[in-house]
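Undergrad: Anchor point for the sequence shown: position 138 equals 138 in full-length UniProt numbering, and the numbering is continuous, going up by one each time.
There's no promise every hint is true.
Pairwise CB distance ranges, derived in the manner of DEER restraints [stated by the list, open to error]:
1. K157 <-> S46: 18 to 28 Å
2. Y61 <-> D162: 37 to 47 Å
3. Y144 <-> A118: 18 to 28 Å
4. S91 <-> E126: 42 to 52 Å
5. D68 <-> T120: 42 to 52 Å
6. P135 <-> Y61: 12 to 22 Å
7. E169 <-> W25: 18 to 28 Å
8. K157 <-> S91: 39 to 49 Å
9. W137 <-> G108: 19 to 29 Å
10. G82 <-> W137: 18 to 28 Å
Rather than coming from a laboratory, the hints here were simulated on the basis of the structure.
Glycine residues also receive a C-beta, built at the ideal position from the N, C-alpha and C atoms.
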Amino acid sequence: MPLILFVLFSLTADLRWVEVDVSLWQDGRADFVYKIRWNVIHGSMSAFYLEGLSVEPFFDYENSYALDEYNNKHQIDIKDLGGGKYDIVLSKGKRYGPGQITFIIHFGGDLGRSRNLALTQSEFGELVVLHWAPPQWDEAMEHYTVNVYYPIKVSGKYVNPDDYGFRTEKFMNERYLLDYF
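Whenever a hint applies, use it, and build me the whole structure from the sequences.
TA: Have a look at this one:
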């Protein structure tokens, strides 16, 4: 009997990709939207842990859900497990698989309060520093994309970051692909 139970409850799932949209506000707060794609290869999954957020999240439960590969929307529950760890669970005991499912988690956070924003002086004048990064995951994935939307108005379709005072640390340019649009 234990062997049968193991087969019934076995799961093989790969984290395919993560995309994060961060919309900054003038007052230091931000909206975060995490899109997390899983590929359930064998069995079915109902949950995963999300941890390592550098802000205290205020979850938007109505706009947090999962979409399967057929574009069916599934409700999710977000349970605070303490210590900055959250259980992201398909609602009502549902499970999904095999196939691809994308969890969309929307929350607000205060980057100023969490000390992810700072002021600094430079030869360019006073600058705001964004000391924020998304959490690291414990498995490789196809891509990990972060879009940061700044609270500035731009004139035109194309942006020259120098025109708006953008500066990045040298290591950021060496390790990551940065694009301004």
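Undergrad: Determine for every hint whether it applies to the structure shown.
TA: Going down the list of hints, with the structure as the test:
1. K157 <-> S46: 18 to 28 Å: Between K157 and S46, where Cβ atoms are some 43 Å apart, the hint is violated.
2. Y61 <-> D162: 37 to 47 Å: Distance hint for Y61, D162 holds at roughly 41 Å.
3. Y144 <-> A118: 18 to 28 Å: The hint (18 to 28 Å, Cβ to Cβ) holds, given that Y144 and A118 are roughly 24 Å apart.
4. S91 <-> E126: 42 to 52 Å: holds (47 Å)
5. D68 <-> T120: 42 to 52 Å: Distance hint for D68, T120 holds at roughly 45 Å.
6. P135 <-> Y61: 12 to 22 Å: holds (20 Å)
7. E169 <-> W25: 18 to 28 Å: holds (23 Å)
8. K157 <-> S91: 39 to 49 Å: holds (41 Å)
9. W137 <-> G108: 19 to 29 Å: Once the Cβ atoms are compared, 22 Å apart, the range 19 to 29 Å for G108 and W137 holds.
10. G82 <-> W137: 18 to 28 Å: holds (20 Å)
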